[in-house]
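Q: With the hints as a guide, bring the two chains together.
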Amino acid sequence: MTADVFLQALGLVLDPYVLVVIFFSALFGLFVGCIPGLTATMATALLVPLTFFMPPVPAVAAIVTATAMAIFSGDIPGALLRIPGTPASAAYTDESYRMTLKGQAEMALGAGLVFSALGGLFGTVVMILFAPRLAEVALKFSSFEYFWLVVLGMAGAVFIGNASPLKAGVSLLLGLLVACIGLENPAAQLRFTMGLPQLMSGVELIPMMVGMFAISELLRYVTSLDPPSVIAVDRIGNIFKGMWALVRKYPWSLARGSALGTVIGVQPGAGADMAAWMSYATSKKFSRSPRNSARAMWKVSWSPVLPTIPHWQAPGSLPSCSASQATRSPPLPSGCSTSRT
Amino acid sequence: MGSLSLRRAFMKFNDAITGVLLLLLALAVLVNVSSFPDIPGQNIGPAAFPGVLAVLLAGCGLLLIWQGLRSAQRQSWIELGAWTRSRLHVRNFLITIGCLVFYTVASDELGFLITGFAILCAMFWALDVRARLIVPVALVVTLVVHLVFYKGLRVPLPWGILLPLQW
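Residue numbers (numbering that gives the first Met the number 0), protein chains in the order written: chain A, 0 to 340; chain B, 0 to 166.
Excised from the complex, chain B in its bound form (with noise of 0.2 angstroms):
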């Protein structure tokens, strides 16, 4: 990535701080695992893959860690992007992860013509579109999108509180 990802860094963490949360989960994964029962006369039960992974992600997370302590006096814990500093960009950041946790709650019980409408008119908002073209566009894009998918390629994407509408 070189060059490209320095410039567009999004967020970084020390790499002690990534050995720890990978220690955890790795402790969390072996706790659950040990709950899973054996299967009668067989040594390779359903615990033995998560168990291994587990060890091994805990071994990487150990030298993360004495990477991370090494490298701590020349950085520091956590270096945000520069977009961080941007309000307008913390302000898409935070709509896009909201558009994503709206459809995520609400397609099911709106319906894909109607959440996936709403997310396009806000991300084009948010992206500076120009007014006079959001609704237009969004409403042709919802309508292809769901034209391809639902009846070309015969995803079942949920019709919500339209389904009187369904054809």
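Looking at chain A on its own, in the form it has when it is part of the complex (with noise of 0.2 angstroms):
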């Protein structure tokens, strides 16, 4: 049965007018995830009023393609210039900035490009295999299970080979209290504004980006002593070079990193930030060469094709799905990549 469903489902993707949303989405994604501030939560948000003219199906693959390229181009910015384009590309941003510094850029964006297509690839299939009754356990998660799940990853975040676990609860707490900030909270009660309409919504998660990462490393740029050519990369050559090589040093990070992020990807709310996180820090834990860990993790960045799921539960109603894409930006990842700051 699953092979008939298959076959159907191929026909429908083959279509050339889906072939070329497909390819004009991931263009756009590519576009959107290199920015630094624009994630791929906002791509998708900015793709819903086209959509919206769309048949069910390239509407649905323009907003996973999008998605995904998206959660990849991340980490070209974050591997050149030390600035993650998504959240979910800062948990390996120090190490792939690093290895461009070495002179490994190709090697870098490489492996973010290969390992996140082949956890795509491994989440795509456990999708096809598994959906309907991951659907069932994922929409059985009620706000205790939420709760536990973002201790979890929060949790995750201080104790993943900080050198001092303290800062980093430190630096968590005061992540949270910001999130505090604004009138969503049960009682609408306005917390901390300082009377400051603008403070009202809260701190977003963009303007928190910007202000970490983009402007930290403007000051940390204007400040530094080195000689500028420290930053100058050579041409970029073929990034798929030493690929293969690779994939076959660290079969075991690549499966983790597929297992791992297929669960928590597959569960609405943990999109692919918490996934990143989480799988960084088995790594590290797994790796015997610290390292080199790093390298091996990029594969999770994959995650978001799966949490799309549960929305798929009611079919045809396009609109619904993407409108909760949009929203469904959790205050905890700007908690999380606070703490890593």
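Hints should not be assumed to be uniformly reliable.
Claimed, not checked - Once the Cα atoms are required to be at most 25 angstroms apart in a straight line, the calculated SDA-like pairs of lysine to any residue come out as: (1) B:K11 - A:M211; (2) A:K166 - B:G67; (3) A:K240 - A:R81; (4) A:K101 - A:L112; (5) A:K166 - B:R73; (6) A:K166 - B:I64; (7) A:K166 - B:A71; (8) B:K11 - A:L173; (9) B:K11 - A:P164; (10) B:K11 - A:A213; (11) B:K150 - B:L164; (12) B:K150 - A:F51; (13) A:K166 - B:L23; (14) B:K11 - A:R81.
Hints were generated in silico from the structure; no laboratory data involved. Keep in mind it's a predicted model, so treat the numbers as computed, not measured.
A: Below, the structure written as structure tokens:
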């Protein structure tokens, strides 16, 4: 039965119109993901007005392609400029940038691309095989499960290879405190707005990211005593070079990242960001060569493909699917990204 | 971060100072939170979550003070990064902060195009871009950024005094 459905789906996807849509949404996702501060969620939100005018299959294809592409291309400024393009890339920005400084930009980008594609394929296979059953589990998630999931993610953020868990904890608490600002609490009580109407809706993810990553990088650059040539990168050659060797060298990291990404990504609310951090944590823990470990964890970046499952419960309700995607910018990642800087 | 951050250290405070600041912040939050109203019939009000965070933060602050005092013999209270001894870098640091403040204060009045252009010129000048290139590059970059974000991505960038030119 699965094979039948698969062939039927293949027929739908290989339609020229759908392929053109996929091509252009990939370009669009690449562009949005590259720009620090514009996230994959943003890419989805910007696509919604266009997908309204499309039939369901190309519309879903457009959103999934753009999201997956944006998540990957967030690695590009992360690797080259040390500014993660999307929150999901923030977990390994330091490592990929350090590789670039060593002249390994090709490998950093190639690993990001190849392993996120591999992880994406793995996730797709899992989805084809288990989607209906996974959706049943995901729909049973209630506030309690969300709460513990978030606690798990944040505990991971604090204890991942930080030199000082105490200071990481402080940053986490400060991030959560920043998330308290505004009206958004059950009583709609104004908290910590200091009379500024701009703060009533809270501190949003994008200003947060720009402040935490872009401006800090700017100040670091301006006050850097290094000769400026450090950042100069050679022409980027073939980024696929040496990828097969990397796959053979780190099969377990690949499997672990893929499995973890699937488990985390399938849950609504926990997107690629949390999956990336947790996979980063486990890979760092299990790696025998801690310096190299970072490299092995790019692969998780793909998991946003999966969180869309729960919304597929109502076929044909694409607008609601897109809308819930767009509004699903959880407060957690801001806490997480704060806690790392 | 390792050697990378040590070499590029920005400024370093003794943990005790950080701890005291955190403690003060936590107290300020607790005082502020105590005036929040309860929700009738509910145990958890708007004060609960920030209150818990503030208590935890105060605990972290105390731990940091303890750590800082233990290591106080070995290190000074405030260590400035090497860049603070270079006038050029201090100037550039101040210019950068100044540009951010300038945008925050003036962008609504003057509009994105003028403030963006002025900031880029200032930053290019501070970072030793060739004098001939400063104005044309700043102009083109401002226009391209405006085009991409205002037209392409529909970010409502302010027009300010250029409102008559809106397109």
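Q: Hints numbered earlier in the text: which of these fail when held up against the supplied structure?
A: none
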